[in-house]
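Asker: Here is how the chains run, residue by residue.
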Amino acid sequence: MTCSSPISWDDLAAYWAGDLAPEAVDRVEEHLIGCGTCSAESARAFAVVDALRVHIPPVVSRAALANLRARGMRIVENAFKPDERQEALFAPETDLLIHRLAGFDLLQVTRVQVTLRAESTGDVLFEDPDAPFDPREGVLIACQRHYSVMPHDTVFEIRAIEKSGAERTARYLIPHVFQG
Amino acid sequence: MFEGEVDGMLVRRIARSDRAPEAEAELCRRFAPRVRLYGLRHLRAEDRAADLVQLVLLAVLEAARAGRIEKPDQVDRFVLGACRNAALRERQHQSRTQPTELADLDVGSYLPELEQIPVRALNRCMSKLDRRARAVVLLSFQDESSTDEIARTLEITAGNVRVIRHRALAQLRGCLDGGEGAPA
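Top line first, the protein sequences correspond to chains A and B.
With my numbering applied, the first sequence covers 1 to 180.
With my numbering applied, the second sequence covers 1 to 184.
Hints in this document: simulated from the structure, not taken from any laboratory.
The reader is advised that the hints may include incorrect statements.
Said to hold, decoys possible - Calculated pairs, DSS-like style, for lysine-lysine (alpha carbon to alpha carbon, straight line, at most 30 Å):
| hint | chain 1 | residue 1 | chain 2 | residue 2 |
| --- | --- | --- | --- | --- |
| 1 | A | K163 | A | K81 |
| 2 | B | K128 | A | K81 |
| 3 | B | K71 | A | K163 |
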């Protein structure tokens, strides 16, 4: 099954973003309804879009957090210090747990890398080479209930890269308990 | 069974009762996923999209049985028209369609499972986007900001937003498919 004049990926992205003019929407839909190939490709684009609609990144900015609060999410925020083991409790009435990784000077920092590992195995669970951060309050980790399927003995490693190129690291030992 | 037959041939079979049950099933199998996508785009809920599939397929089958599809080779246009009318009615009523006496069509059997993207895979692939691309896709699809709003927020042009968005979406798709790059 092939298509001789497939809908371009940029048109599909714009279609799902609601960014096509009405006549372009009509043109795209006239093609999609008659074309199994392009319809299947559109379904693949939709799957990504649909996942993004509910996606909360593991590292969030303060502005993103404010948006989530405004949407009515029940958010509990805790502060953590480097090298101290401190448990994070995900209670049933909580939608989102925020770990504020603080106590680490980020004032002269241009980029922050965040790595999440399982303490027992060292397996990398997540990496963000260019994570959002606030120079004054640190890095905000958004812990979500569906993360309960991941190992609970987690270590967050922060690598701070300064303007001079110098690098510093901090480790936060945060075992998780998911209730409910 | 009707692999090589174009849609119009199926419609003609249904109209003249020539292996009509199989032809109807094949027509439903072809169009159900496409109608659902239309519903997901315009009604934005899986259950309402499934209702739309049922309404539209029933309308198409009834018309085909009665020989009311004047141009069988353009049955896709008939389907799209039925989608538009049914979605408009759905939006106007803002409620789910009530089952009808014809609601004996098992639409579920014609609909493949929607792809569910694992959270961990999405996190991994999102982390490969640069910070601006991540912001564009989240503002586009989560906050549902317009292109102009995103352009203002990120202090870039609307054209840049569009380019970043489709490249980021393609990169995510490529990454989720197991590669790092974007599809061509």
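Asker: Run every hint past the structure and note whether it holds.
Answerer: Structure-based check of each hint:
1. A:K163 / A:K81: 24 Å, holds
2. B:K128 / A:K81: Answer holds: K128 (chain B) to K81 (chain A) is near 27 Å, not above 30 Å.
3. B:K71 / A:K163: 68 Å, violated
When held up to the earlier numbered hints, the structure conflicts with hint 3 and nothing else.
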